[in-house]
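Position chain B against the provided structure of chain A, taking the given hints into account.
Heads up: the sequence lines are chains A and B, in that order. Going left to right, the first sequence walks through residues 1 to 113 as my numbering numbers them. Going left to right, the second sequence walks through residues 1001 to 1109 as my numbering numbers them.
Hints listed in this document are in silico derivations from the structure and should not be mistaken for laboratory results. Glycine included, C-beta positions come from ideal geometry on N, C-alpha and C. Certain hints may be false.
[Said to hold, decoys possible] Partial selection, computed: residues in chain A whose CB lies under 8 Å from chain B:
#1 LEU43
#2 PRO61
#3 THR100
[As the list claims (entries may be wrong)] Chain A is faced by these chain B residues, among others (derived, beta-carbon under 8 Å):
#4 LEU1045
#5 ILE1049
#6 PHE1099
#7 GLY1100
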Amino acid sequence: DVKVTQSSRYLVKRTGEKVFLECVQDMDHENMFWYRQDPGLGLRLIYFSYDVKMKEKGDIPEGYSVSREKKERFSLILESASTNQTSMYLCASTRQGRWTEAFFGQGTRLTVV
Amino acid sequence: GEDVEQSLFLSVREGDSSVINCTYTDSSSTYLYWYKQEPGAGLQLLTYIFSNMDMKQDQRLTVLLNKKDKHLSLRIADTQTGDSAIYFCAESADDKIIFGKGTRLHILP
Chain A
1 DVKVTQSSRY
11 LVKRTGEKVF
21 LECVQDMDHE
31 NMFWYRQDPG
41 LGLRLIYFSY
51 DVKMKEKGDI
61 PEGYSVSREK
71 KERFSLILES
81 ASTNQTSMYL
91 CASTRQGRWT
101 EAFFGQGTRL
111 TVV
Chain B
1001 GEDVEQSLFL
1011 SVREGDSSVI
1021 NCTYTDSSST
1031 YLYWYKQEPG
1041 AGLQLLTYIF
1051 SNMDMKQDQR
1061 LTVLLNKKDK
1071 HLSLRIADTQ
1081 TGDSAIYFCA
1091 ESADDKIIFG
1101 KGTRLHILP
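So that you can see chain A by itself, here it is in the shape it has in the complex:
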C-alpha cells in the first residue's frame, strides 16, 4: 500500500557534499513537491513540479535544485550541503490541483555536519 516513498529516513552528510534526496510515487500524480520542516517554522515549500521536466521555485529555493526526468520520481539536490540545511525533508504528490488527494512521504531527516 506504499504511495510516496522517500529513499532514506536518516542521512548524515558532510559540509560541502552533494546530496540527493529521492522521492517516488506510484499513483501517476502530476504534481510533486519538496518541503522542509523545522521546529517553529512549520513546512516551507522548496520546489514543486507540475509535469515531467517542469519545475517551479517555492518559497525557499536557495541552495537547492530539483530534477523530474520521470513522472514518478522527483529528486531534491543540495549542490553543496551546509549546516543550515540540516532539517526534515518531506516529499508530497497530488493530482493536478487536487490537494484533497495528497500523500506525503515519511520524511528524510538530514543532518549536515
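This is chain B only, laid out in the frame that chain A set:
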C-alpha cells in the same frame, strides 16, 4: 501573500474536547485542510472542507469554517492519547498548498 496562522501548543485532558484554531488570509482558497503528524512520521490528511461549507463532521472530528473571518477550527471530541500529534492547518492556493506552523496537541492523563 498567503499566510496561515495557528497557535503552537494546546494541552487537553484525556476525554475532554480539543479545539485547534487557525486563521488564513487567502479569500480565494477553494479547500482548507487539517493534517496530522505523529512523532517520527510524515503528514496524514485528516480532513478537509470545501470553502462553501460551514461545517463538516467525521466521527470524532468537527471542522468549522467562518469564511467571513477567515477562521477555521478543528474539534476533536473525547480526546485520546492516540490524538497526541502536531496538527497543521492548510489552504490551497492555485496549485500549491500553504501550511501553518502546526499546533502540538498534548494530552494530560
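Practice task
Tell me, in ascending order, the numbers of any earlier hints that this structure violates.
Solution key: Numbers 2 and 5, in rising order.
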